[in-house]
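Chemist: Sequences listed follow chains A and B, in order.
Just so you know, my numbering puts 7 at position 7 of the first sequence, and the rest follows in order with no gaps.
Just so you know, my numbering puts 1042 at position 42 of the second sequence, and the rest follows in order with no gaps.
Hints may be right or wrong, so weigh each one.
Unchecked claim - For lysine to any residue, the following SDA-like pairs were computed, each having C-alpha atoms within a straight-line distance of at most 25 Å:
1) B:1041 - A:114
2) B:1041 - A:84
3) B:1041 - A:156
4) B:1041 - A:123
5) B:1041 - A:5
6) B:1041 - A:237
7) B:1041 - A:62
8) B:1041 - A:265
9) B:1041 - B:1004
10) B:1041 - A:271
11) B:1041 - A:126
12) B:1041 - A:181
13) B:1041 - A:210
14) B:1041 - A:53
15) B:1041 - A:146
16) B:1041 - A:98
17) B:1041 - A:25
18) B:1041 - A:212
19) B:1041 - B:1030
Simulated from the structure, these hints should not be mistaken for lab results.
Listed below, chain by chain, are the residues.
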Amino acid sequence: MIPEAYGVGIGWRPEISGFFADLPGLRFVEVIAESVPPTGPLPTGLAGLRDRGVTVVPHGVRLSLGGAEPVEPARVTRFAAVAEQLDAPLVSEHIAFVRAGGLEAGHLLPLPRSREAVDAVVANVRRVQAELSVPIALEPIAALFDWPDDELDEADFLTEILDRTDALLLLDVANVYANARNRGTDPTALLDRLPLERVGYVHVAGGTEHDGVYHDTHTHPVPAAVLDLIRELCARHRPPALLLERDGAYPPAPELRAELDAMAAASGYPTVT
Amino acid sequence: MSGDLAARQAALVAALVAGADVPDGFDVRLVGVARVALLRKRAGEVARHWPLLAAGLGTRWPGVFLDWAAGRPTGGGLRDGWDLARTLRDQGTLPLLGADELAVREATARYDGVDPPRPRRCPALVRAGGAVAVQVAGRVRLLRPARNR
């Protein structure tokens, strides 16, 4: 059930496609599922990675698994087709919603940590799992605000969803850091309570402070505190893989390589550069 | 409070993207921070669809986009940029590069501002903010770029 150890990877984006040619140790990447054509030829760079034997994991961002409404069947079918197209060993999506009442939010929004929300997520994850032939990993998001009437704490909320769906956990240490910083809590306290043996892989990303709040932007350098959290995580249970997410304001290649090297050093996995 | 997750999610999204009041109990300041963060992300997406429009506005791009987009739900990056470019054209504030881009888009597809743009089937000659573009048999060419008057 748990994927093999791929070590350090990075999210494939068309803007930095050329960067991937010079990463000899790279064994896995992630791609935004909605950006992959479900049939027909893959984007050139991505096809080249597949030819090199690099594992490509589709990462959905628009299924809206946390929506109160059932997940849209056409989106699920497309998501499953992309997984087949990439021959992916697992897929991932978020514990979040992105639309409601006919309006698109444009980003991942937090759920109330209520039993009703757990039921909604579980029902939608099961609908997706019914069409998938591989495991799905679920990612808790970075939230800029919380709902006013949470019934469960974050660890119980996540654990209940994982238990009831038998899904893997996609743990984003940058999200754990962001939430802890913005809520004034200890990020390692959450690590101590999550089922770390269920982690399929880990996300790592940068962010910045804005309006007195830490934003998980994916367009800034990875803070030292997030690298520290990788060490804390690996000291408890080393995940099979760690993946850098960069989604814009792309730095010169040496800076990205240095971030991948820092992730390797923090986790003890081989460098891929 | 339970049993009404759909309505509560809808009210929250409406507050974030459509100018509705922040639902009771939420931290109004933090929801406001999230609202602006969503607009900035959206500005980046629109700039990817309309690179010349964004480049033409230069450092004013984020501000112009945020002013226009606040309280206006998205129709996707392509349509948002199209709607904004038309608004700026009507105001006489469309930058030259944006006019070129708009003319090419108008020649490429028919967009009524309500439904998604559809490729034009007939030849078309369109003007936008001083730029002129032509489309014949699916091939689009900028005949005359916009110029400073």
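Chemist: Indicate, hint by hint, whether the structure satisfies it.
Modeler: Verification of the supplied hints:
1. B:1041 - A:114: violated, 28 Å
2. B:1041 - A:84: Violated, at roughly 30 Å.
3. B:1041 - A:156: Measuring from Cα to Cα gives roughly 31 Å; hence the hint is violated.
4. B:1041 - A:123: Violated. Residue 1041 of chain B to residue 123 of chain A sits at ~29 Å, over the 25 Å cutoff.
5. B:1041 - A:5: violated, 33 Å
6. B:1041 - A:237: violated, 34 Å
7. B:1041 - A:62: With Cα atoms ~15 Å apart, residue 1041 of chain B and residue 62 of chain A stay inside 25 Å; holds.
8. B:1041 - A:265: Distance ~32 Å between residue 1041 of chain B and residue 265 of chain A Cα, so the pair is violated.
9. B:1041 - B:1004: violated, 29 Å
10. B:1041 - A:271: violated, 32 Å
11. B:1041 - A:126: Violated, at about 30 Å.
12. B:1041 - A:181: holds, 22 Å
13. B:1041 - A:210: holds, 14 Å
14. B:1041 - A:53: violated, 33 Å
15. B:1041 - A:146: Since the Cα atoms of residue 1041 of chain B and residue 146 of chain A sit roughly 20 Å apart, the hinted pair holds (cutoff 25 Å).
16. B:1041 - A:98: Holds, at roughly 14 Å.
17. B:1041 - A:25: violated, 33 Å
18. B:1041 - A:212: holds, 18 Å
19. B:1041 - B:1030: holds, 16 Å
In this structure, the hints that do not hold are numbers 1, 2, 3, 4, 5, 6, 8, 9, 10, 11, 14 and 17, in rising order.
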